[in-house]
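Participant: Line by line, the protein sequences give chains A and B. According to the working numbering, the residues represented by the first sequence are 131 to 315, in order. According to the working numbering, the residues represented by the second sequence are 4 to 304, in order.
These are calculated hints, taken from the structure and not from any lab test. Incorrect hints may have been included.
Claimed, not checked - In silico DSSO-like links for lysine-lysine, alpha-carbon gap of 30 Å or less: (1) A:Lys311 x A:Lys196; (2) B:Lys167 x A:Lys262; (3) B:Lys54 x A:Lys196; (4) A:Lys315 x B:Lys83; (5) A:Lys185 x B:Lys63.
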Amino acid sequence: MKINLLSSLLFISASLFLASCGGSKKAASAPASTEISDIDTKVAAIVANSSITEKFADLKGAEKGKVSIFTNETGEIVKVSKKVTTSTSEKLSEFFYDGSNLIHSSHFERNTAKEKGKIVFTSTKHYFGNSKVLSAVQKSVTLKPADEANLEMKMNKAKFKAYPASSNLMRDEMAIIKKIKQLIK
Amino acid sequence: MKKLLYFLSFISLSLFTNSCTDDPVDPVVGDNAPVLIFTLNPGTGFIDGDKTVEAGSTIKLKLDGTDSDKDLTSLHIESKNGSDTATHVPSSVILVNGAPANGNPISIPSADGENLRYSIEFPTADVADTITYTFSLEDSKGYTDFVSFTIITTGTKAFELTGKKLSNASGPAGMGGIDLHTGNEVGSSDPTAELVDLGVINPVSDGTWKQQFKAATVETIIRKPLAGFDYSAVFNADAIKSAYDAGTNISNPNIVGNKDDVYLIKSGIFYWAVKITKVVVTPPLGMGGDNLDYFELSIKR
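Next comes chain B alone, as it looks inside the complex (with noise of 0.2 Å):
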C-alpha cells in the first residue's frame, strides 16, 4: 500500500512539474506589471519621443497599453518643468480619442483593462520653455509602466480675437475704423485705429459701400502671405512674424476687402494675422439702408 502510495505521489508531482512547456520568451517584466509603448506608426502628426514645437501648438500622441491581468484602471498625465514637481495637465486641456478626458488620472473603462490604444493631446506651453511629460499606466494592483518625452516650445503662443468689427466709415461717428491691439470699433480718425475703412463711393451721389480698407497711417503696413499660408493653423506670434517677413506688399493702398482674405499687418513692433471672415452688406443710405456695412474679422497677435 505504501508503495502505491508513493507511486500516486510520484505521479501528481510529475504531472505538476511537466504539463507545461517553459515560456518561449524571455519575460522582461513582472507577471502582473503593464506595459506602456507608443504606438508604431502611429500616423501623420503624431509624436512618439522628444520635440521642438511652436509654443501653444497642441502636441498628439498614440499610446498603446497592455496588461495580462486586465486590470488597467488609469493613465496619469504628468508635466515636469525643470528642477519644478511633476503635476498632473489639467484634464480640461487633453483630449483621448477626439473626446475631452474623463479626468487626470484618466479613468480606464474595463473594456479596455486589456488592452487599449488612446489617441491624446493637448496643448503646449504658451511661451518658449522646455518641459518633460510622463504618461503612466496604471494597474488596479498600482502597478506602472510609463513613457516620457520633452517638449521644447519656441516663441510665443499667438492669441486670437475673432468676431471683431470694421464697418463702414460713412456710417455712424465712433465707427470706421479698428484698433487691432484690442479688437475695439473706433472712429477712422482715431489715433489708436490700425485699419480705416473706406466708406461709400459717393456720399452725395452714390451710396454703395465701398467694401475698401487701408492702413490707417503709415506706420502700418499691410501685406499678402505667401501661397499655401493656413490662418487656422497659426498659433505662434513667431509664425505671424515669419510670415509677414515672407509676405508680398500691396501695390494699392486701397484694398477691397472680400470674405476669407488674409492680411498680415505690421504696426511698429507689432504683428498680426488678419482673416475677414464675413462682409455684410446692408443696402445703401437713402435706399432702406443705414451705412452699417461691415466686415467680420479675426485677430491673431
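One chain only, chain A, in its complex shape (with noise of 0.2 Å):
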C-alpha cells in the first residue's frame, strides 16, 4: 500500500513536471548555426547602417515610452522597437526585418522591482526563421546599483542560455509590431 501511494506520488509529480512545459511551451528545435549566424551578421549590419532613418511616436496611457520604425535608404523597414519605462524597470524591445521576414528580436529589460536592493538585468534573444522560432536565449546579470557602472562587463561575461519559447512567441511578438505600426502612421 505504502509503495503503491509512493508509486502514485512520484508518477503524478513527475507528470505535473512534463505537463507544466510540453502543454503550453516548447524548446525551439536546434537550428542549423549558420541560420543563426546569417541572421547575427544581417542584424549587426542593420545596426551599423548609418544611413537608418527613424520615425517615432510616443506611448501614450498606461505605458509611459516611445515606439519607432527605422526605415533604410530604400524606404524599407529593417527594425521596429519599442521602449517602455515604468516606475521599476526600462524595457527596450528591438525586431528586426529582412525584406517582409521578421529574423530577429532582442529584449533588454532593467528591473529594479525583482530583488530588492538589487538591479535585474535581462537580454533575451529570439531568432525566426520562416514564421517558425528557430532559437530563444536568454541571459540576466544581477547587480547593486553602486555597481551598475560594469554592466557592460558583466553582461559580456554572462552566457546566453537557451529557454523553452512559449508557443505563442511569434504571434505575441507580430502583435507588438502591428501594434506599433498602428501607433507609427
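Take each chain as given, in its own frame, and dock them per the hints.
Facilitator: Set out below in C-alpha cells:
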C-alpha cells in the first residue's frame, strides 16, 4: 500500500513536471548554426547602417515610452522598436526585418523590483525563420546599484542560455509589431 | 510516513510551479487569439493602409496571419460604405496569391493554419466613393483579429470595348466608319461615326488599302498621348480625359494606323482611348482580294 502510494505520488510529480512545460511551451528545435550566424550578420549590418531613418511616436496612456520604425535608404523597414519605462523597469524591444520577414527580436530589461536592493538586467534574443522560432536564448545579470557601471563587462561575461520559448512567441511578437505600426502613421 | 507524504507533495508542487520560467515578452493578446497584420515591406504596388485611388483600379495588399493553436480557418473580406451594413466582397472578384478565391469567407487550408501570408487583390468601386474594407482572420474557436483600411475612389471607371472593327471604306456598304460609343461598324458617311477609314489608294487604278483613317467630323479631335502612356494601365474615365488634355495634336488629319498605336479622341463631352490591336490586310479587289481590310480596335471610355 505504501509502495503504491509512493509510486503514485512520484508518477504525479513527474507528470506534472512534464505537462507544465510540454503543453503550452516548447523548446525551439536546434537550428543550424549557420542560420543563426546569418541572422546575426544581418542584424549587425542593420545596427551598423548609419543611413537608417527613424520615425517615432510617444506612447500615451498606461505605458510610457516610445515606439519607432527604422527604414533604410530604399525606404524598407528594417527595424521596429518599443521602449517602455515604468517606475521600476525599463525595457527595450527591437524587431529586425529582412525584407518582409521578421528574423530577430531582442529584449533588454532593467528591473529594480525583481530583487530587493538590486537591479536585474535581462537580455533575451529570439531568432526566426519561415515564421517559426529557430532559437530563444536569455541571460541575466544582477547587480547592486553601485555596481551598475560594470554592467557591460558583466553582461559580456554572462552566457546566453537556451530557454523554452512560449508557443505563442511568434504571434505575440507580431502583435507588438502590429501595435507599433498602428501608432506610427 | 506522514512526513514523507508531505515532503513528496511539497516536491510535486514545487516542480509544478517552478519548472518553467516566465515568458520574457509581455503577452498582448489572449492565449488563443490569432494575429493579422499587414506584411511589412510588401513590395511595390501593395497598400498597407488608407489610400486614394482611381475608381475601378485594383488594390493589392499582403497580409500575415499567425495563430499558435494552428487552427486558422477563414478570412473574411468585408466592405462598408458609410452607414450601410458591412457586406462580404463577392469572391468572384478576389484573387488570393494570384488565384481565384475559394469563397468569401476564404477557407484557409490546414497547411496555413499556423502561419499564412496571402497576397490579395480585388477591384475598387466603379465610381467616386469612400469604402472601408475589413479583413477578419478567424480560428476554429471563433477568435478573430482584423485589419481595416479606407479606400477613397475618384472619378469613374472606364469601360472597354474590344475586338471592334474599322474597315476599309472601299468595302461593302455599311462599313468604313465606327461609332465609338457602341463600337459598332457604320458607313463612312453615317452621322454616328467618330472615325472613318480612307479606303483604297485609287478605286480605278490601285485597289491597295491606304490603311489610313481620320476624324469623321470637325467635332471629333484625335490626339497622340504623351510618351509613357500605357493603354492597359488606364481604367478611369478621368485619366483618359487628363491624358487627352496632355496629349499632342496630330498635324496630318489622315492618320496611318499601325498595330499598337494608341490615340486619344474627343467628341463633344466624350473622351476615348483607342488602341489598334490588329491590322488585317487582304489583297486588293481585282487581285483576288475583297476590300475587307480592317483595323481591329480596343476602345476605352
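Participant: All hints are to be evaluated individually against the structure, with a verdict given for each.
Facilitator: Status of the hints after comparison with the structure:
The straight-line distance between the Cα atoms of A:Lys311 and A:Lys196 is roughly 12 Å, inside the 30 Å bound, and the hint therefore holds. Simply put, B:Lys167 and A:Lys262 have alpha-carbon atoms about 54 Å apart, too far for the 30 Å limit, and the pair is violated. For the suggested pair B:Lys54 and A:Lys196, the alpha carbons sit about 26 Å apart, so the restraint of at most 30 Å is met. For the hint pairing A:Lys315 with B:Lys83, the CA-to-CA distance comes to about 22 Å; that is within 30 Å, so the pair holds.
As the CA atoms of A:Lys185 and B:Lys63 are separated by approximately 25 Å, the hinted pair is consistent with the 30 Å bound.
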